[in-house]
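Just need the whole structure built from these sequences, with the hints factored in.
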Amino acid sequence: MDCLIEKKKNPALAVQIGSLTLSNPVLTASGTFGYAKEFESFVHLHRLGGVVVKGISLEPRAGNPPPRIVETSCGMLNAIGLENVGVERFIAEKIPYLSNLNVPVFVNILGDSVDDYRRLASRLAGVDGIAALEVNISCPNVKKGGSAFGSDPDVAAAVTRAVKQESDVPVVVKLSPNVTDVTVIAQAVESAGADGISLINTLIGMAIDLRTRRPKLANVIGGLSGPAIKPVALRMVHQVAKAVCVPVIGIGGIDSAEDALEFILAGATAVQVGTANFINPRASEEIVEGIAAYVDEQQLGSICELIGALKIPGEGG
Amino acid sequence: MDCLIEKKKNPALAVQIGSLTLSNPVLTASGTFGYAKEFESFVHLHRLGGVVVKGISLEPRAGNPPPRIVETSCGMLNAIGLENVGVERFIAEKIPYLSNLNVPVFVNILGDSVDDYRRLASRLAGVDGIAALEVNISCPNVKKGGSAFGSDPDVAAAVTRAVKQESDVPVVVKLSPNVTDVTVIAQAVESAGADGISLINTLIGMAIDLRTRRPKLANVIGGLSGPAIKPVALRMVHQVAKAVCVPVIGIGGIDSAEDALEFILAGATAVQVGTANFINPRASEEIVEGIAAYVDEQQLGSICELIGALKIPGEGG
Amino acid sequence: MSRIQEKVQLIRSERLTDDNCRLTLASQSIAEAAVPGQFVMIQTASGHDPLLRRPFSIHQTRNDATFQIVFKIIGRGTSLLAHCREGEELSVLGPLGQGYRLQPDVPAILVGGGMGIAPLLFLARRLMEQQVLQAPPQVLLGARNADELLSFLNEFQALGVRVLTATDDGSHGHSGLVTDELKKLNPLSESVIYCCGPKPMMAAVATICRERALACQVSVETAMACGMGACLGCTVPLQDGSYGHACSDGPVFDAERILWTV
Amino acid sequence: MSRIQEKVQLIRSERLTDDNCRLTLASQSIAEAAVPGQFVMIQTASGHDPLLRRPFSIHQTRNDATFQIVFKIIGRGTSLLAHCREGEELSVLGPLGQGYRLQPDVPAILVGGGMGIAPLLFLARRLMEQQVLQAPPQVLLGARNADELLSFLNEFQALGVRVLTATDDGSHGHSGLVTDELKKLNPLSESVIYCCGPKPMMAAVATICRERALACQVSVETAMACGMGACLGCTVPLQDGSYGHACSDGPVFDAERILWTV
Ligand SMILES: Cc1cc2nc3c(=O)[nH]c(=O)nc-3n(C[C@H](O)[C@H](O)[C@H](O)COP(=O)(O)OP(=O)(O)OC[C@H]3O[C@@H](n4cnc5c(N)ncnc54)[C@H](O)[C@@H]3O)c2cc1C
Ligand SMILES: Cc1cc2nc3c(=O)[nH]c(=O)nc-3n(C[C@H](O)[C@H](O)[C@H](O)COP(=O)(O)OP(=O)(O)OC[C@H]3O[C@@H](n4cnc5c(N)ncnc54)[C@H](O)[C@@H]3O)c2cc1C
Ligand SMILES: Cc1cc2nc3c(=O)[nH]c(=O)nc-3n(C[C@H](O)[C@H](O)[C@H](O)COP(=O)(O)O)c2cc1C
Ligand SMILES: Cc1cc2nc3c(=O)[nH]c(=O)nc-3n(C[C@H](O)[C@H](O)[C@H](O)COP(=O)(O)O)c2cc1C
Ligand code: FES
Ligand code: FES
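So the protein lines, in turn, are chains Y, E, A and S.
At position 244 of the first sequence (counting the first as 1) the number is 244 in this note's numbering, and the numbers step up by one without a gap.
Position in the second sequence (first residue = 1) + 1000 = this note's numbering.
Position in the third sequence (first residue = 1) + 2000 = this note's numbering.
Position in the fourth sequence (first residue = 1) + 3000 = this note's numbering.
All clues given are correct.
With a Cα cut of at most 30 Å, we get these calculated BS3-like pairs of lysine-lysine:
1. A:Lys2007 / E:Lys1009
2. A:Lys2183 / A:Lys2072
3. E:Lys1164 / E:Lys1242
4. A:Lys2183 / A:Lys2199
5. S:Lys3199 / E:Lys1311
6. Y:Lys164 / Y:Lys37
7. Y:Lys311 / Y:Lys242
8. A:Lys2199 / Y:Lys311
9. A:Lys2072 / A:Lys2007
10. A:Lys2007 / S:Lys3072
11. A:Lys2007 / E:Lys1037
12. E:Lys1037 / E:Lys1009
13. S:Lys3072 / S:Lys3199
14. S:Lys3007 / S:Lys3072
15. A:Lys2199 / A:Lys2072
16. S:Lys3007 / A:Lys2072
17. Y:Lys9 / S:Lys3007
18. Y:Lys37 / Y:Lys9
19. Y:Lys37 / S:Lys3007
20. Y:Lys164 / Y:Lys242
21. A:Lys2199 / A:Lys2184
Now the in silico label distances, taken between C-beta atoms and shown as ranges:
22. A:Gln2157 / S:Ser3029: 51 to 57 Å
23. S:Gly3075 / E:Glu1040: 30 to 36 Å
24. Y:Asn100 / A:Arg2012: 57 to 63 Å
25. E:Arg1213 / Y:Asn100: 36 to 42 Å
26. E:Pro1060 / A:Thr2261: 20 to 26 Å
27. E:Ala1062 / A:Arg2012: 43 to 49 Å
Source of the hints: derived by calculation from the structure; they are not laboratory data.
Backbone N, C-alpha and C fix where the C-beta goes; we use that ideal spot for every residue, glycine too.
In structure tokens, the structure reads:
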């Protein structure tokens, strides 16, 4: 593994999200990698393409009462309820560590109103050490707003515009899969100025305890993540990549380099590793290594040759 | 097991779908149980609550080219493309066997236009041995129509009305989960006269073969079923059961009596067993047995006491 | 049809080569009901991953009420099976599908490649039992190397059939394709060719047989979910433009019915 | 913090009772780094079902660079672990969490119930090693029956600690709750009570300690996904209205910080 130290900035792995160059296409997904520090004993953080931190709101949030997580078949439901330290403590306590990592930091933001998002973007503008914003308009856990932002193209566009106006870094908008046609939302946020689109957030699900006859989550419903949702994520990434021109970041059930490469073939410029971090805290770095090995083995000049390179019989190519 | 022969019409298990009484709440899901005959060496077919046959169209359909199925984590994708013998051969060749089984037969129908559905319902009206129709407005595999019927409340209602006008048996409408708000569609088909609502059909997904860089399904996209989707199904059944007054039939990843009972707690009056039939051809009958044992053990007067009996802390009950 | 779903005890697990395994499973009912070319579906995990059963041809049945399968470890399901302990129970569904249609009164040529060799042993034995008036079947076996052949060779030879071999690396028999050996033969026109192996090999055998107007039966592999005609997933495109289903119309088909697209 | 993710060899698998297992695992780094009250997360399946690792307290570490866990078979994960073969490798993440804060200079009372007994052995040993000036810890152990106790009793006694027992069925020691035994004691006011067991038991111990103004540390269990502070799933409601996280703030908490809702 140490031989990779030299390779870490392998130019063949570099990808572009707006004005931002990532040294490789592997990011960690918001809410699954803490504030990165939690993983420092497992991952050479600077070798990742980027780190997306836990969603930040204007005020600190305590989140939902327990139980907050439950395992399902090849997946898990979470109803964390967006517990976070709030933007002020984030800047004071987390940014100093993060900005020393030498890895692009994406700050995931969430609010209850368009104005919340605007104020968050404005507060984070100019703060050193932030490479990009990821706008979470898709979290299903908060009753106020949350889900609605992600399912109404006009509101999604309004949030995007508000954030873009304030922000001095690229803005990626993270979409919800719980919609009839995800390309409509994707096109709306693209038109509103998004520099990239990440998807998918979790599918809304539920689990019931037969013994107690109660929901297994205190919040009743929660977000489904993990390998179970990968086929849905791959399909949506494929659809959106065909429908927009901005880069797409693929998320959902990725736990190996093969998974990541499949998303790239489907049209993703980069990927995020989520739930897999819980099972294998080295997953993100191992995926970087696996992609590097594949690029080598296939003698690709650049990973970009793979983006959207899926061959569909009958569609030529 | 043979002791159950006597118990098979345990009145505590009976449930009602419109004017139809099922001896127990366990049906088999369309497309996963053939035309029932395939399972006769494994299941005492007359002990099931009902059998839903493979979707039938006006004309025979050859279906999609292979590969049509691919395994995913805790699930599978299928793009069968609604291969079926067509309504005339169905009536001539399948009904005679089915009508001798002494089990309610639900005929799943699908079309490319409202008129297709109307003609199917009209052709099946008066045919002996049909207990109910299940209107599939949700199949994601056929490019024409299919998906659109299930995602537009007006069209869904139009299909429902057309079928209701012609049909002389209860009409259940089967909903697609690939929508932003499934309760809107549910309420639309309820208003249009549906006697029951079944859900969920498959989630749209995709799988990619990294080696060939092609989709694993010839049809590119397919329908995701199996344990992976159970949390999504349970959530939607819960939502719909609260939103409508007609009985709801829960479907999605059910492979044990516990799973089935969870759907009933969530608000389902009956359930359908799908993908599980492939792994354990006795699954449906074992679930009937498991539910019977639970009803006994919990000394319930009727399984109906469980329907929607989920206790949500803070909502009383 | 007497299909059975049973918990079946794993009596013996052998590693034939690095990645080839043979399992001996105890089931009187399956051993008695099976015919050559049929298959079983086996559950490989106790949980939901892998979800689906895996199909395996019946390698042979034994008088002691057991049957065997031979498989190559290629993915998670087969590697889980390879790690099962003797004495453990496996859930088996079978026997499934339409096997070879035995024609005991005409000369038989069996052509097997790779894992496709395994089910031909069962077929050869049955043919030997039934084919009293004919010369013993001619068996042509192709494999990557001698290693893969040797596990089976003795057993074929013990039956008294005539065996010719071909290996990719020339380590046993003809150096090259088993179809080369087939081309060299001059079978009587009423002969039946029974074939099992990788798709390109079977397509080549089918072409040879068509050219020589020989009857040919092949055993096809497709993805399968149910193995019993319920899911309609195991599609095989046919010459007449329709689709067959490998698990219920096959896995053994007349080669000429199949639309070969390699 | 020295957390390690390792493939670790299963050296020994013992069935202590019908449904209680002890595994001995070889890991110098985990054995050396661990302190009493910490836990490990173990992957129980090679596939994605069950998906998440399972948390287990460290039962004890051994000089030969091994550590042990003891667990009850309750679901799929634990039953898969119970069936692992000696010699197999398991993926282990640990040591995790905040263990007991040892106070070697004051009297110690250890109260364990059920599976909660297991980690107290590690604690008792460390206390004996460090607590030179004090009387040996007083250990109170509660279980359903003698069977569940006997696997551990000798090991506690061999340490030289004083042990009192209670069983639900009266088959060993006091017939009833281990908290009855605790109530009978008259500990010095500076004593520390170290507790691990089912939630109702810990809540009862916490109440007793609060009434008598005794310091009490408890080890809580919650659902966990990551075990390392990343998922925020392992919430523990605290007295001050905030939430703690069992895997990173705990699993050992001062009992008075916790909002007990049984
Ligand atoms: C009727 C029938 C009989 C068979 N008999 C035998 C037999 O006797 N011996 C034997 O070794 N194998 C046999 N096979 C193939 C066997 O079923 C597969 O090798 C097995 O399912 C692979 O499972 P896995 O979980 O190890 O691999 P997976 O993890 O499922 O797959 C690994 C890779 O192999 C590919 N693959 C999966 N299934 C097949 C398949 N059926 N054919 C070709 N590629 C596949 C996948 O696409 C993937 O790339 C038979 C298949 C059929 C349909
Ligand atoms: C920090 C920590 C340390 C632990 N140490 C030990 C130990 O030393 N020995 C031991 O036997 N167990 C211990 N546990 C509990 C152990 O993790 C669970 O018993 C195990 O995860 C069950 O896994 P399973 O797959 O067998 O059961 P599952 O199939 O996951 O669950 C079966 C049933 O048990 C319930 N359940 C699952 N996990 C827990 C849990 N953590 N607590 C209570 N109920 C649960 C489920 O809701 C379900 O009803 C510990 C838990 C934590 C959080
Ligand atoms: C415990 C948990 C917490 C999460 N928190 C957030 C969050 O704060 N903001 C966000 O945009 N997504 C959040 N997500 C969603 C993930 O970032 C990701 O989109 C989703 O889990 C799908 O990817 P996966 O299957 O790889 O986990 C969370 C997911 C999990 C499992
Ligand atoms: C192979 C296959 C074929 C199916 N065919 C149909 C169909 O013809 N009509 C229909 O309404 N649903 C069809 N379905 C959907 C199922 O009836 C069911 O709604 C879905 O699989 C979810 O349930 P499950 O997870 O228990 O399988 C099919 C599903 C599968 C797996
Ligand atoms: S495998 Fe299901 S129909 Fe053939
Ligand atoms: S288990 Fe993930 S934060 Fe505690």
